[in-house]
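Chains A and B, in that order, are what the protein sequence lines are.
The first sequence begins at 15 in the working numbering and counts up one residue at a time.
The second sequence begins at 82 in the working numbering and counts up one residue at a time.
It should be emphasised that the hints constitute simulated quantities derived from the structure, not laboratory data.
Being a predicted model, the structure only gives us computed values, none of them experimental.
Where is the CB? At the ideal position from N, CA and C, for every residue including glycine.
Please note that a few of the clues may not be correct.
Derived DSS-like pairs: lysine-lysine, alpha-carbon spacing no greater than 25 Å straight-line [claimed, not checked]:
#1 A/Lys248 - A/Lys166
#2 B/Lys107 - B/Lys295
#3 A/Lys172 - A/Lys198
#4 A/Lys25 - B/Lys313
#5 A/Lys25 - B/Lys348
#6 A/Lys172 - A/Lys248
For the chain A half of the interface with chain B, some residues (derived, Cβ under 10 Å), not all of them [unchecked claim]:
#7 Val31
#8 Tyr73
#9 Ala76
#10 Leu82
#11 Arg85
#12 Ala89
#13 Leu93
#14 Asn97
#15 Met272
#16 Gln276
#17 Arg281
#18 Gln286
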Amino acid sequence: MNPLGEKYLRKDFLPFVFCPGCGDGMIVQAFLQAVDDLGIRDDLALTAGIGCSSWIAVYIHADVLKVLHGRAIPAAIGLKATNPSRKVVTFTGDGDCLAIGGNHLLHAARRNIDMTVVVVNNQLYAMTGGQVAPSTKVGSKTQTTPYGNIEKPLDGCKVAIAAGATMVSRWSTAQPRQLIRAFKKALNHKGFAFIEVMSQCPVQTGRYMLGSGSPQFNFQWLKDNCVIIDDPSKSGEVEAQGKIPLGDFLQVEKPEFMEEVQRMNQRVKEAQAKGGDR
Amino acid sequence: MPIIIRANMPPGKSFLWRGRKEVMKKGHIRVMLGNEACVEAALLAGCRFFAGYPITPATEILEVMSRRLPLVDGLCLQMEDEIAAVVAIVGASWGGTKAMTATSGPGFCLMQEGIGLAVAVEAPCVIVNVQRGGPASGQSTSTAQGDFYQARYGSNGDYSLIVLCPSTAQEMFDHTVKAFNLSERFRIPVIILSDEVVGHIREKVFIPEADELKFVQRKTPTVPMAEFIPFKADTDGVPFMPTFNTGYRVPVISQAKSLSGNRGNAKEADENIRRIVAKVEDHIEEFADVQVYGDKNAETAFVTFGSVCRAARSAVDMGRERGLALRSVEVKTVWPFPDHLVRRALAGAERIVVAEMNLGMIQREVERVIRQPKIKIELFSKIGGIYPQPQEFLRFLEEKR
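The task is simple: from the sequences and hints, build the whole structure.
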């Protein structure tokens, strides 16, 4: 076994649920590399929702809370709130995070609570057999859009930025080095970090949406359809060509929620000790 | 601010409410809302995380928590909805903290998936439902008891949990302490099924000193990680619960699971589900509480729960003045339904009238428990947000005879 796997995987839970050719295994490896480089294993508290990518968390030998569909972020907030020294990371998918869990994403980003959300985007609901998702492109045929998708997709990174996330990146499984670097930045970032990973799903996206179930084809599709940009303002140009912009879109420092909580508690207690009102 | 009266309880004498057996020695009395009493008890019991969403008539719990928790290094979060609130307390529970949320009917609907989650991941937590009218938005400022079955059967699948029904501000306090203790004892969500009358009544509450109360903490593992099996139960059916980031690297999934915490096969799922039900149902004698007010041998008996107990007590008193022997059987722990205690409390009764603010819910449980062809379980029902008057109980007895 890969030495990272030897060190960090929950071996009695193997084999993975992932289909052959799935990108989730690559994301597991990139994440474990980041964790190993930073040496933060004991601080990890992972949460996940429902869907293929949510199983990523379960195979990592750390404390893991895998909850209901869409609810991984509130569970992470509960863990962070009760011990701010935890490195809380949520593994979720495009359906889990942007559809059923969309409201939680908005409000966690708004609070700028220190956590990392890893959204694995395979452009549809894969575990249930390939239905349309908020990330599915217009025109795509899925099991529930047999005549082509007529709904415009939602850009998770833009939503996260608009809601107040302070670190936002999008990479694909075809850029493992950039992905590892982004994970490390996110784990060190004090605030709400949102990392979207475009990932191949040969079995559902490939077969039904892109026209081939071959893993090579689907990996090549990512390489051909994702464009790395240095300047986030250029994302419009890339999107106009029907491609997916990749890159580190945002990293700013803003007051972090749990630090603000501690400051408030301190202020309130001092005021009370003086006998004054708040 | 509520009035604070310092009081030393006379030893050996029940001070506040009739029928109460244990005697508190030290404490103080305050006049407060039922909802405030709930907060007071939660803080004493060690609750340090609260997540909620405003909803009438439960909002005061969130409001008072937001004032009080920062003073004790806790955190009160107003979440984006009730789903987030209940899932956050499940996270906080695994984070090692006693946690609570509070809501009313429409929010309680949203919380059902989270209640199932808390059951499945065996996360101790307390959920307060201050009932209002339903269905849907119903009557936000009026009292009701229509969530009786929802509190027990609202989430999917087979499970069990404990539901407590307070009828006074004092019981809001007492039941909240009990709820935290039972949740920690059995690693389950415990629901306090209050209602608008109890949440909003302002009356005397005796608050004991913390050292006069018993607080239960969850059992944490004593063996090292290598020997620890996450969902292997102790002899009482309850597994040991490690806190996250204490070296156990525990996998906690919401699926039916094997002992190691992985998705279980059919046999493992079967055992998992049976265990999480049995760990509660097999120990009902530890917590079941049914009280009888009035003449224990009276031929006519009311069966009540929650705020209706209050009016029924007055009706029993009024009946006594008129020479009418009555008893009121008050079911304090409604789920799991205490069959044996209700049967005992109703022994010898020839006329049984169930009084509740819905169209007949606890009535069905009583019908199930009292299977005597001669006895019809009559229903005195008030809905629409109208609280029953004591006189109406007596009128019901006369008119329906």
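Structure-based check of each hint:
1. The hinted pair formed by A/Lys248 and A/Lys166 meets the criterion: a straight-line CA distance of about 20 Å does not exceed 25 Å.
2. A distance of roughly 14 Å separates the Cα atoms of B/Lys107 and B/Lys295; the hinted pair therefore holds under the 25 Å criterion.
3. With a CA separation close to 21 Å, the supplied pair A/Lys172 and A/Lys198 stays within the 25 Å bound.
4. Simply put, A/Lys25 and B/Lys313 have alpha-carbon atoms about 19 Å apart, close enough for the 25 Å limit, and the pair holds.
5. Taken as a hint, the A/Lys25 and B/Lys348 pair is honoured in the structure, with Cα atoms around 22 Å apart against an allowance of 25 Å.
6. Simply put, A/Lys172 and A/Lys248 have alpha-carbon atoms about 13 Å apart, close enough for the 25 Å limit, and the pair holds.
7. A distance limit of 10 Å between C-beta atoms decides the matter here; for A/Val31 the minimum to chain B is near 8 Å, and the interface restraint holds.
8. This hint holds: A/Tyr73 has a C-beta 9 Å from the nearest C-beta of chain B, less than the 10 Å allowed.
9. Of the supplied interface hints, the one on A/Ala76 holds, with its beta-carbon coming within about 5 Å of a beta-carbon of chain B, less than 10 Å.
10. A distance limit of 10 Å between C-beta atoms decides the matter here; for A/Leu82 the minimum to chain B is near 5 Å, and the interface restraint holds.
11. The beta carbon of A/Arg85 is positioned within 10 Å of a beta carbon in chain B (closest approach about 4 Å), and the interface hint is therefore held.
12. A hinted interface residue such as A/Ala89 counts as satisfied when its beta carbon comes closer than 10 Å to some beta carbon of chain B; here the least separation is about 4 Å, so the hint holds.
13. Proximity of A/Leu93 to chain B holds as hinted, the smallest CB-CB distance being about 5 Å (cut-off 10 Å).
14. Contact between A/Asn97 and chain B, as hinted, is supported at the beta carbon level, the nearest pair being about 6 Å apart and thus within 10 Å.
15. Given the 10 Å rule on beta carbons, the hint for A/Met272 holds: about 9 Å separates it from the nearest Cβ of chain B.
16. Hint status for A/Gln276: holds, given a least beta-carbon distance of 9 Å to chain B, under 10 Å.
17. Checking A/Arg281 against chain B by beta carbon gives a least distance of about 9 Å; that is within 10 Å, so the hint holds.
18. Interface hint status for A/Gln286: upheld, as the beta-carbon distance to the closest one in chain B is roughly 6 Å, under 10 Å.
Hint check: no violations occur; every hint is consistent with the structure.
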